[in-house]
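J.: Chain by chain, the residues:
2 protein chains.
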Amino acid sequence: MSANISARPIRVLAIDDHPLLREGIASALADQADMTLVGEAVDARTGIEQFRRVRPDVTLMDLQMPDMSGIEAIRIIREEFTDARILVLTTFQGDVQVSGALRHGASGFLLKGTLRKELRDAIRAVHAGRRVIPPEVAVGLAEHVGDETLSLRELEVLRSVAGGNANKSIAAELGISEDTVKAHMKSILAKLDARDRTHAVVMAVKRGIIEI
Amino acid sequence: MSANISARPIRVLAIDDHPLLREGIASALADQADMTLVGEAVDARTGIEQFRRVRPDVTLMDLQMPDMSGIEAIRIIREEFTDARILVLTTFQGDVQVSGALRHGASGFLLKGTLRKELRDAIRAVHAGRRVIPPEVAVGLAEHVGDETLSLRELEVLRSVAGGNANKSIAAELGISEDTVKAHMKSILAKLDARDRTHAVVMAVKRGIIEI
DNA sequence: CGAGCGATTACCCGAAAGGGTGAATGGAAC
DNA sequence: GTTCCATTCACCCTTTCGGGTAATCGCTCG
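The listed protein sequences correspond, in order, to chains A and B.
With the first letter of the first sequence counted as 1, position 137 gets the number 137 in full-length UniProt numbering; the numbers rise by one all the way through.
With the first letter of the second sequence counted as 1, position 103 gets the number 103 in full-length UniProt numbering; the numbers rise by one all the way through.
A hint or two may mislead.
[Claimed, not checked] Below, in silico cross-link-like pairs of lysine to aspartate or glutamate (EDC-like), each with a Cα-Cα straight-line distance of 20 Å or less: (1) B:K191 x B:E173; (2) B:K117 x A:D17; (3) A:K182 x B:D196; (4) A:K168 x B:E156; (5) A:K186 x B:D43; (6) A:K112 x B:D196.
[As the list claims (entries may be wrong)] Computed footprint of chain A on chain B, listed as stretches where at least three residues anywhere in the stretch have a Cβ under 8 Å from a Cβ of chain A: (7) 13-23; (8) 143-156; (9) 160-174; (10) 182-188.
It is worth saying that the hints were derived from the structure and are not from the lab.
Keep in mind it's a predicted model, so treat the numbers as computed, not measured.
Beta carbons are placed, not taken as given, at the ideal position from N, Cα and C, and that holds for glycine.
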């Protein structure tokens, strides 16, 4: 099944703030003739710098990193290098994170429960221009296709709600009337199909819309 | 710095459902003369079985596993083997998870951002009978020492609140009066120092008291 | 056995939430 | 320019929430 037998190996860059996981990736690639790990980075900023320097064929990227969201990093890289192949390596963070990453140019996903062989197959597939979406991720995505997204203002309101603020406080915080906050809340509840503000926060966290 | 130069090596068991991370652990231990990986398991059940079979000196255990909480697995192992040394390898899950693991016999913690060297030093320290608590974990713990814990009933109520249920629904669900639910809510808000039910759910999730 | 605690219920009260409806503004897209 | 949409605000109303206070019951731990 190994492609690239005689061709130059697939050059891989790993961007992840978990040293032991990077170690595992290195080990999974070490004995493969058709791929080689050409760089590692512990955060998004150095990851992007590394990308510019080594120009990897495939980049493995974590979504949660200390300095910047992986999605933002993907956007920046793909803006500069349109043909960059980026595989997101993460625990499932909700459909919104996933669709955001895909929208900004990710080529696929790998859950961290991935086996060595699955990792290697995914790298080859992505390098060959295919998309890699594990079934559980695809299902999570499918559950919310066509859902309306929250507006920026609605996100601000929802984050404040998650902080335990009443509509009146949120109104003061955002410099708008309480009635307006209520209007936003109505829209938020409808869009998230939530029963009350608490449920809305829970749904938003589950779906990767906000973090707490 | 390596202890155990002439003694028999420290026998290590790794229980974690992330294959690549286990690979990283294996790789970090591979070139160490004074320690050896004697077993691996992907879930708590087989992890406990493995423990009984190989009797490791030090066990590395993830807290989130598919079949059983790592804390429960720690309890079971320590009930049978009082002198088992267990190192919890996890992303920080909130003070309640941490204190629960310590209470049930964990010897220490390692965040998944741990370096190879830190992992090896921690294994040696735990094997020597010391506790290993990273500063950030200790700080998280310290912030809530002396806090009252939620009763079982309060947990049931809070989980239902997180599901978007009104007090009246919760009352029906639990077969008690709405006034009783309100009484529990008052206690929950006080114990978690939360401003409203939404805030209470957020705090509880952050602190590892409930999962969503 | 009394003290303490968890669980239960009741009542009163004001504040907050949320549903319905309608409407004005302003910017972006077409 | 007109349509679409986010944002803003208002008024109505009922339901729910949350604070205060007090009491009963049963279990456990000194």
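J.: Hint by hint, which ones does this structure get wrong, listed from lowest number up?
T.: Result: hints 1, 4, 5, 6, 8 and 10 break, sorted rising.
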